[in-house]
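**Student:** If you want the building blocks of each chain, they are given just below.
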Amino acid sequence: MPGNFITTRFDAMLSWGRKFSLFHYPYVTACCGMEYMSTACAHYDIDRFGAGMTRFSPRQSDMLLVVGTITQKLAPVLKTVYDQMTEPKWVIAFGACTVSGGIYDNYAVVQGIDEIIPVDIYIPGCPPRPETVLDGLLKLQEKIKAQGQDWRWKKKTS
Amino acid sequence: MEEKDVLTALDGAFPGDILESGTSLGDPVVRIRPSALAAVAAFLKTEPWTFTMLLDATCVDYPDRPERFEMVYHFFSLARNRRIRIKASLPATAPEIGSLSALWKNADWLEREIFDMFGVRFAGHPDLRRLLMYDGFEGHPLRKDYPLRMRQPLFKKREAS
Amino acid sequence: MTSAFSAAARPESLLINMGPSHPAMHGTIRILLELDGERILDADTEIGYLHRGFEKTCENRTWWNLLIYTDRLNYVSPLINNLGYAMAVEKLCGLAVPERAQWIRILMSELSRISDHLTCIAAMAMETGAFTAFLYNMKAREYLWDVIEQTTGARMTTSYIRIGGVRADLHRDYEAAVRKGIEETRKVIKDVRGLLDKNPIFLGRTRDIAVMPRDEAVSFGWTGPALRSTGIAYDVRKAQPYLTYDRVAFEIPTGDRGDNLDRYLVRMAEMEQSLRILEQCLPRLRRETTLSAGPTPPPLDPVEAIKAGRTSPPRSPVRLSPNLEGAESAVLPEIQTSDRLYAPPAKEAAYGTIEGLIGHFQYFMKGHGLRPPAGEAYAAVEGGNGELGFYIVSDGTDRPYRLHLRAPCLHVVSALAGLIKGRLLADIIPTFGSMNMIGGELDR
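These protein sequences, in sequence, are chains Z, E and H.
Sequential numbering from 1 applies to the first sequence in the numbering used here.
Sequential numbering from 159 applies to the second sequence in the numbering used here.
Sequential numbering from 320 applies to the third sequence in the numbering used here.
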């Protein structure tokens, strides 16, 4: 169904709702978790951007925030958690280790989680400052706005 | 001083098994025959030496030596506030040493880790399996001949889109 | 592994996985549970989900370079790991660290220790449902991290405490920031005590739960707050004093029962002792105002200094980049060892004189630079979780032959399976929270 005024307005309304109410699943493993805690708490407050609801179940969340190093041992678990999430879902790679393996280039570490799951936003830093994380979140919100939304009866168009 | 006392006592109690003893930067170090480990550890644990805590157990890989693996144990005496280092060298093929899990409870995990990283087996260990690496991982990563970057992925690498 | 556990399980019990991705598992541990309703019949802890190959990676990095990996071990108190590693190398090389650097190291260690305990209690309280304690503790932590960031440039993974000393002198406004941090932390500790100490729900979940008898704690190799909660007053800072800990007055709080509540109370009391140490460090670090020695010529840009230095040593001082604030050659003797073999030369010399430049290259070139004598050393410091020991073996080259970390929380967590057997499922959370498992240290 080609885009017209009503569908684009509906898209805009859906994207507005989705981007300002991201329920995230903090898949926290390592040091970046400390900066995640700082970002989520009172000083830097991720909740003012609507993303404050932490949901520890993949079924109830729409953003997978992969925080900290993913090792080869943990990789299948990450894939399982990602697969369990329902559409629409987004993935943020938080920290250098998730982006590219970071400072660990060895037998035990996955060199970037995009070897396992598709990633929407990459936040570099070791660990990234809370302001960097919030910048990444804002970029994700812009990306969601620019994406075609998937409605129940229409598949998502990129 | 006190370090000399424990060294002389060990020399006296285990005549053939003490290969070398001395101090290194303030800590007494004793090299023993691997077969004597359990006896030496039990001796150190009792009065008057009271090395009641197994601080650490690790292994160092010297591939150029015939006795390739050197086990290093650190014991600590809370009562006397003293440390001691015990070393034992193991051969390259089928390295095995007695387990200390009957005397100290943390020897369980420490020995599992050494088995995982180096391949040294521990006779008498209740459940010797890998601790840090996953089932299906082949090889022992901390050995010098294991390449640093040899990954054995458990998943199929995703095609970059 | 799993099959052995499930093979031994009773047929009518429920086998369930707790973790590795679980909010209360601090991210990276898996507890296999055999349950009868809510009661745990058997448990098996599986670790290694954050094994990042620290020890093997360090064998492939120079002594100077691998400092960054030590930050990421116990990442809630990173400066203490830096300190442990630096002390092990200094022990092997026989380096003397200047006194001001030692006081700065104590200041940074205690700030890290308080951050560690704040985070531990925050996580433990949050997981039992007391979310407010988490928010309050994180607020206090921000003030402490402000102090660290002011001086070191980074909030967490600083690589500030280096072999031979520290990277830079304290920021000129550090005292006000430390005092603010102390005041805020005291307020937060008072508030959290008010919320949790006499709270019947918190007490019901922690008192007499997971009691560890004294001898078993020693047999498990427990150290740190976990051991002190059983009544044994062993603290590396008092038993084998390092830095200048023998010149500050502080006490070692102990518990008596060794249950979850005692582990919580010991940590709260230790934070107060650490604040005491911080207050005692401040007057020792104060500098009297220095009288200027007359007018100085304007500083030169580094490029101009190099050009001028081609013919003769530059008479004007070199203006260093703001990143190097605190590491000027005037303060360098106070913050870094004077042994030229083991410490890099001053940046002004590197920019201005050919000898300094050669010295700089020689220090940082692969194959040269910091090469401790062949041998081994074991040095331990009091980390947030207990005795943090580094065992290093050097073969005289610029890379360690073997670097092993004695991780305090490995020993503490190895007791978890035994402590929760026979208890209810909900008891795992405060027990595990009170152990302060840090994945980077546990799995290395």
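A portion of the hints provided could be inaccurate.
[Stated by the list, open to error] Pairs of lysine-lysine residues, derived as PhoX-like cross-links and limited to a Cα-Cα distance of at most 20 Å, are as follows:
(1) K314(E) x K245(E)
(2) K79(Z) x K162(E)
(3) K79(Z) x K315(E)
(4) K626(H) x K666(H)
(5) K410(H) x K626(H)
(6) K410(H) x K458(H)
Calculated from the structure, these hints are not laboratory results.
Remember, it's a predicted structure, so these values are computed and weren't measured experimentally.
**Student:** Next step is simple, just say for each hint if it's right about the structure.
**Tutor:** Tested hints:
1. K314(E) x K245(E): 43 Å, violated
2. K79(Z) x K162(E): 57 Å, violated
3. K79(Z) x K315(E): Given that 20 Å is the threshold and the Cα spacing comes to 11 Å, the pair holds.
4. K626(H) x K666(H): Holds, because 15 Å separates the two Cα atoms, which is no more than 20 Å.
5. K410(H) x K626(H): 40 Å, violated
6. K410(H) x K458(H): 37 Å, violated
Violated hints, listed in ascending order, are 1, 2, 5 and 6; each of the other numbered hints is respected by the structure.
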